[in-house]
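Participant: Next come the chains, spelled out residue by residue.
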Amino acid sequence: NAGVTQTPKFRILKIGQSMTLQCAQDMNHNYMYWYRQDPGMGLKLIYYSVGAGITDKGEVPNGYNVSRSTTEDFPLRLELAAPSQTSVYFCASTAGWGFSYEQYFGPGTRLTVT
Amino acid sequence: GESVGLHLPTLSVQEGDNSIINCAYSNSASDYFIWYKQESGKGPQFIIDIRSNMDKRQGQRVTVLLNKTVKHLSLQIAATQPGDSAVYFCAENIESGGSYIPTFGRGTSLIVHP
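Same order as they appear, the protein sequences are chains A and B.
Per this note's numbering, residue 304 is the first one in the first sequence, and the count goes up by one each step.
Per this note's numbering, residue 181 is the first one in the second sequence, and the count goes up by one each step.
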């Protein structure tokens, strides 16, 4: 299994540009999450999904959108990028209810908005 | 403020010593806790978890202790090795609409000197 994969690894955006961060998992996990991690800080939950077609906001959803059309994929969309969105973004998945809540993380996407 | 916090942002130990990393949480409704290890440039990796109906859980060289009375948990690493150098996060899991939503603390940086 590849686990959780994320693309791209690095990206530089200009203010106002848009982009989609890709996340995929091959573990048939129900739950998927997007986090951002600012330097020296913990992870802040942006959005999460408990299954295909179901998404919900986390702690810091403003400026982001998500979709979950399949179990495997959970892309994160940034519209009108702002310098405050400069961060490292992690996607994670877990089997969820009735199973384990251990989260498997991807390698991260380092995003700089200038 | 954050519901999960760590007392010591940086912990330096000698190789072979035991390490203790602490974490405080504020939500008494939290019933599932996870410790993660994050190495530089990588995503967090699961170490050990504990449910609120337990006081102690042991893994390989690691032990997690949970004190619900004072809302505190700790991660003990026996015979710390240079490879243990990383940032350690505790995550408090709160049930929301049938799913568990994690909240991460800021993290403690563990530095192991050879």
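The reader is advised that the hints may include incorrect statements.
Keeping only pairs whose Cα atoms sit at most 25 Å apart, straight-line, the calculated SDA-like set for lysine to any residue is [claimed, not checked]: (1) 222/B - 380/A; (2) 236/B - 200/B; (3) 222/B - 356/A.
Calculated from the structure, these hints are not laboratory results.
Participant: All hints are to be evaluated individually against the structure, with a verdict given for each.
Facilitator: Quick rundown of the hints versus the structure:
Proximity of residue 222/B to residue 380/A is assessed by CA-CA distance (about 22 Å); at most 25 Å being required, the pair is judged to hold. Under the criterion of a C-alpha separation no larger than 25 Å, the hint pairing residue 236/B with residue 200/B is consistent with the structure, at around 14 Å. For the given pair, residue 222/B sits about 29 Å from residue 356/A by alpha-carbon distance, which is inconsistent with the 25 Å threshold.
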